[in-house]
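So you can see what is in the structure, the chains are spelled out below.
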Amino acid sequence: MNVTFEATRELARRTVSDVRHPDLDPYTLDAIWVLYDRVLRVDPQRLRDPARDRFLLSKGHGPSAYYAVLAAKGFIPAAWLDTIAHLESPLGSHPDATLVPGVEISSGSLGHGLPLGVGVALGLRATGFHDARVFVLVGDAELDEGSNHEAMAFAGTAGLSNLNVVVADNGSASLGWPGGIASRFDVHGWSSATADMTDHDALHRAFTTAHPDRPHVTVATTRP
Amino acid sequence: MFRSDPLEDDLQDTTMRDAFAARASALLDTDPRLAVVLADISTDKFRDAAAAHPHRVVNVGIREQLLVGAAGGLALAGLRPIAHTYAPFLVERAFEQIKLDFEHQGTSGILVSVGASYDWAEGSFTHFSPRDVALFDTLPGWRVVVPGHAAEVPRLLDEAVRSDEGVYMRLSLRCNPAPHHTSGGGLTVLREGRNATVVAVGPVLDNVLAATSGFDVTVAYTNTPRPFDEHGLRQLAAGTGDTVVVVEPYLEGTSAWLVSRALADRPHRLLSIGVGREELRRYGTADEHERLHGLDPNGIRHRVRDFLDPITASR
Chain A
1 MNVTFEATRE
11 LARRTVSDVR
21 HPDLDPYTLD
31 AIWVLYDRVL
41 RVDPQRLRDP
51 ARDRFLLSKG
61 HGPSAYYAVL
71 AAKGFIPAAW
81 LDTIAHLESP
91 LGSHPDATLV
101 PGVEISSGSL
111 GHGLPLGVGV
121 ALGLRATGFH
131 DARVFVLVGD
141 AELDEGSNHE
151 AMAFAGTAGL
161 SNLNVVVADN
171 GSASLGWPGG
181 IASRFDVHGW
191 SSATADMTDH
201 DALHRAFTTA
211 HPDRPHVTVA
221 TTRP
Chain B
1 MFRSDPLEDD
11 LQDTTMRDAF
21 AARASALLDT
31 DPRLAVVLAD
41 ISTDKFRDAA
51 AAHPHRVVNV
61 GIREQLLVGA
71 AGGLALAGLR
81 PIAHTYAPFL
91 VERAFEQIKL
101 DFEHQGTSGI
111 LVSVGASYDW
121 AEGSFTHFSP
131 RDVALFDTLP
141 GWRVVVPGHA
151 AEVPRLLDEA
161 VRSDEGVYMR
171 LSLRCNPAPH
181 HTSGGGLTVL
191 REGRNATVVA
201 VGPVLDNVLA
211 ATSGFDVTVA
221 YTNTPRPFDE
231 HGLRQLAAGT
241 GDTVVVVEPY
251 LEGTSAWLVS
261 RALADRPHRL
271 LSIGVGREEL
281 RRYGTADEHE
291 RLHGLDPNGI
301 RHRVRDFLDP
311 ITASR
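Keeping their order, the protein sequence lines are chains A and B.
Per the UniProt record's numbering, the very first residue in the first sequence carries number 1; after that it's consecutive.
Per the UniProt record's numbering, the very first residue in the second sequence carries number 1; after that it's consecutive.
What the hints contain is simulated information worked out from the structure, not anything from laboratory work.
Computed from a prediction, not measured in an experiment: that's the story for all the values here.
A few of these clues could be false.
Restraint ranges, calculated between C-beta atoms of paired labels, are given here [claimed, not checked]:
1. A/44 - B/96: 52 to 62 Å
2. B/43 - A/41: 30 to 40 Å
3. A/99 - B/284: 24 to 34 Å
4. A/45 - B/177: 57 to 67 Å
5. A/194 - B/179: 53 to 63 Å
6. A/46 - B/29: 40 to 50 Å
7. B/126 - A/45: 27 to 37 Å
8. A/74 - B/55: 30 to 40 Å
9. B/239 - A/46: 22 to 32 Å
Think of the CB as a built atom: it goes at the ideal place given N, C-alpha and C, for glycine as much as any other residue.
Sequences are here, hints too, so could you generate the full structure?
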């Protein structure tokens with residue numbers, strides 16, 4: 001299956017009447033689409049390839065977009081999208097890695113993806129897969145979870161250059177982030193970039209910014 | 001006077017923690033799949049291993065959520081992670097991480113705790129974790145090992161590393177004077193009798209043996225309370241009138257549901273002895289806390305005696 005971004009957006013719309021987090025999917029979709037279309041080295045025919053890149057969806061608002069991209073890229077049948085949230089469906093409001101091909105982590109509870117991503121990045125480094133990268137998509141409100149800050153501090157100090165974080169920043173954090181989200185990563189030694197969430201070329205540039213000795217965060221902004 | 005290191009015991013040449021660190025370090029040399037994640041506890045004992053394997057011995061600092069989350073990520077990357085720190089920080093503080101970052105991912109790892117129920121008595125309730133095994137009972141499929149002696153640790157760790165299941169290893173400064181190796185984690189009979197089957201878990205064994213001296217009871221030992229040897233208990237209980245006592249070094253009654261399940265088809269009696277539910281709000285020593293919880297030989301003896309002879313006890 002080889003479809004366009006616009007067609008993928010239509011795929012995502014097939015799910016939104018049934019899932020709990022439909023309203024923010026259009027913004028998340030841009031980031032996940034650019035990653036799968038232009039950045040990630042993943043192949044639905046080699047799901048367990050140890051050298052593959054890993055995409056970890058951590059934010060809770062995003063499964064419709066994620067499933068749509070997985071369908072667009074041939075990881076799951078598009079017909080699954082019409083069954084979402086049904087009892088027998090492998091697709092729910094939060095993805096289950098044991099049920100959905102291509103999904104790297106089961107997620108939904110906020111603040112788990114980035115610590116898991118740190119572990120995966122450590123594991124790839126320990127096992128010699130130095131070219132494999134980890135991308136974790138989190139929300140700006142999700143950054144409230146303290147587990148993220150444990151992970152941010154450690155990853156920066158450890159120089160986990162194979163770790164990448166994408167923050168979908170729609171200004172939903174209740175208390176906000178004075179000084180900007182990127183500054184929170186900067187103080188821990190991360191590389192950082194910002195991009196408009198709807199500008200795919202800008203997202204691509206931000207995602208592929210060279211960061212040879214440190215982890216990298218892209219703050220993808222949108223204001224609905 | 002405060003102890004200089006609450007995880008050390010001057011009376012033990014080798015503590016369970018020493019044995020764990022030494023064996024884990026050796027396994028790191030031979031098993032490229034193994035990784036150890038620390039949170040500032042026991043880092044001195046892994047200094048050489050960290051130098052030899054800098055990418056597989058990782059200290060994340062005092063960050064217990066990350067400790068478990070990163071271990072879960074290592075498992076996702078195909079490694080066999082060991083995460084290690086104080087029991088309350090490892091299990092209670094990071095319990096959702098254990099639930100979601102291992103079980104929900106369909107992966108597993110090895111969690112090794114120190115501190116147990118009241119090892120550092122002067123440290124108080126913040127460093128106690130008598131409820132840890134009960135928490136693991138809410139998770140399916142985890143093996144729980146509770147060594148009774150440092151010499152039991154290497155074999156249990158070897159088995160944990162070879163396995164693909166989740167393993168919780170509960171280390172303590174409380175210990176028996178000699179090790180007892182069990183076959184496959186099953187109940188091992190150390191004394192035979194007719195009036196009750198007394199199951200002793202890990203480091204309470206010595207107290208149980210002393211407490212039941214002169215009683216006509218079977219004493220069986222295990223250092224692997226999960227999975228509980230229900231088949232072995234059924235066999236032993238059948239020879240003791242289906243009267244059972246379980247003595248555990250953690251929350252009293254933790255294993256009661258398994259005894260009930262094992263003997264569901266037979267009328268039976270059960271006495272559960274363990275750490276009380278109430279917070280004592282006392283300092284002192286581990287020996288003193290053991291006595292306050294009735295886990296010293298005298299406390300166990302009185303409760304077993306009253307249980308076996310309720311008519312006499314009620315007079």
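A quick look at each hint next to the structure:
Between residue 44 of chain A and residue 96 of chain B the C-beta distance comes to about 31 Å, which lies outside the given range of 52 to 62 Å. Our hint of 30 to 40 Å for residue 43 of chain B and residue 41 of chain A holds, since their Cβ atoms are close to 36 Å apart. With their beta carbons about 51 Å apart, residue 99 of chain A and residue 284 of chain B fall outside the hinted range of 24 to 34 Å. Checked against the hint of 57 to 67 Å, the C-beta distance between residue 45 of chain A and residue 177 of chain B comes to roughly 60 Å, which is consistent with it.
The supplied range of 53 to 63 Å is met by residue 194 of chain A and residue 179 of chain B, whose beta-carbon atoms lie about 59 Å from each other. The given range of 40 to 50 Å is broken by residue 46 of chain A and residue 29 of chain B, whose C-beta atoms sit roughly 32 Å from each other. Distance hint check: the CB atoms of residue 126 of chain B and residue 45 of chain A are about 52 Å apart, inconsistent with the given range 27 to 37 Å. Checked against the given bound of 30 to 40 Å, the beta carbons of residue 74 of chain A and residue 55 of chain B, roughly 34 Å apart, stay inside it.
The hint said 22 to 32 Å for the Cβ distance between residue 239 of chain B and residue 46 of chain A, and at roughly 57 Å that hint is violated.
In the structure shown, a violation is registered for the earlier hints numbered 1, 3, 6, 7, 9, in ascending order.
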